[in-house]
Each structure stands twice: as C-alpha cells, then as structure tokens.
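Undergrad: Between the sequences and the hints, there should be enough to build the whole structure, so can you do that?
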Amino acid sequence: DAGVIQSPRHEVTEMGQEVTLRCKPISGHNSLFWYRQTMMRGLELLIYFNNNVPIDDSGMPEDRFSAKMPNASFSTLKIQPSEPRDSAVYFCASSTTGVEDTQYFGPGTRLTVL
Amino acid sequence: AQSVTQLGSHVSVSEGALVLLRCNYSSSVPPYLFWYVQYPNQGLQLLLKYTTGATLVKGINGFEAEFKKSETSFHLTKPSAHMSDAAEYFCAVAGNTPLVFGKGTRLSVIA
Chain F
266 DAGVIQSPRH EVTEMGQEVT LRCKPISGHN SLFWYRQTMM RGLELLIYFN NNVPIDDSGM
326 PEDRFSAKMP NASFSTLKIQ PSEPRDSAVY FCASSTTGVE DTQYFGPGTR LTVL
Chain W
11 AQSVTQLGSH VSVSEGALVL LRCNYSSSVP PYLFWYVQYP NQGLQLLLKY TTGATLVKGI
71 NGFEAEFKKS ETSFHLTKPS AHMSDAAEYF CAVAGNTPLV FGKGTRLSVI A
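First to last, the sequence lines map onto chains F and W. Under this note's numbering, the residues of the first sequence are numbered 266 to 379, in order. Under this note's numbering, the residues of the second sequence are numbered 11 to 121, in order.
Worth flagging that the hints you see were computed from the coordinates, not collected in a lab.
Derived CB-CB ranges, DEER-like: (1) W:Ile-120 with F:Glu-309: 23 to 33 Å; (2) W:Thr-87 with F:Met-305: 24 to 34 Å; (3) F:Ile-320 with W:Ser-90: 37 to 47 Å; (4) W:Ser-90 with F:Glu-283: 48 to 58 Å.
Just so it is clear, CB atoms sit at the ideal spot from N, CA and C, and this is done for glycine as well.
TA: And the structure:
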C-alpha cells in the first residue's frame, strides 16, 4: 500500500489567495483526520470524518477553513482567504473506524503564506 | 474528555544511555494510549500502543512503555539510545473521542 498521500508537499502563496490541500487515505480506512502543526501550538486536530461524513469540526479555526470528503478516497482542506498566521504543516491521517485504531499519517503539506 | 501531559519538551541523552520520556494522561473512560515518533520533515509513525491486556507494551526499534493506571502514566523507555533515535516523540490518548496529542518531546542523542 502507498500509505496516505498528500499534495502538494510544499505550497507558498500570498495573503488573500485560496489554498487547497489534498489527501488520499489508505484504501479501506473509514476515518480521515486533518491536523495542523506549528511550533507554538503543537499538533491540533482540525476536523475528522467517518464514512465521508464530518463528525467533529470544532478544531477548525474559523470560517476561512473548510473541508470536504466527496468520496472514500479523497479529501480536501481549503483556506480562503489565506493569512500569514495560517503558515504551518498540515497533516492528513486515516484509520479504520475505532478510536483505538492506529492513525496513519501522510507526509504533510508545508504551507507558507507571505 | 482526554488530555496528555508530556514532561520535558527536550531530553538529551548520551549514545548507549537509557531513554526515558514521560507521559501522564487524563481520561474519564478507560484510555487507549499511543506513542508516535516524528523524524524531521516527515509525518508521525506509530511506535507502540496500549489498548487492553498486558500493561507492558513493546514497540518498534526497541522501545517499550508501561501503562500504570494508578499513576495515570504511560512512560516510554529504551535501554540503550542510538543516534538514529533522535526525533520528536508524541504521546497520545483516545477514549470516547479520537486521539489527543501531547505537545511532544524532542530527543537528542549525543555521541
């Protein structure tokens, strides 16, 4: 298996632009998670899906952030408009359904907003 | 609700010395406990996890951790550090919600 795939690996954009991050989970996994990692705040859960349905989006910072999972093999995290404080590494992870199940992380997308 | 406290944001050990990374958790339900490792510019990888059963859990690369309910702890140990162990280590807890991560401990290994 190829593992969790994220694209792009690096993104540099200017303030105000729209940014879309993409994730392909491991085939057969029912849960998908989006995290943000910064030096100041550590690893934060933004949103997670079970069977393509958003379960908890309480970690999404504000309305500028949105996430979708149109099917079991694809998810997007969109920031519109982007701001410099959004600069971070964004990780996608997937697992089978139980909370005791291992989450498998992608390599991350390093976002820089100028 | 769950939470995790990792004691020490940075731990430095000599090559060949004991590695001890501390983790305490809080959970209102029986916890599932995890240790993940992150190497530079990579995602997190599972080292080991405790779900039920034996409280001493062995993981990859010679690491192990012991679940101590009375102390609400899940400390990570390795008898002899190797240079390749230098990384960031995250403790995490799950229960009635998905993983909640600690802030991480950076392990440095000195030759």
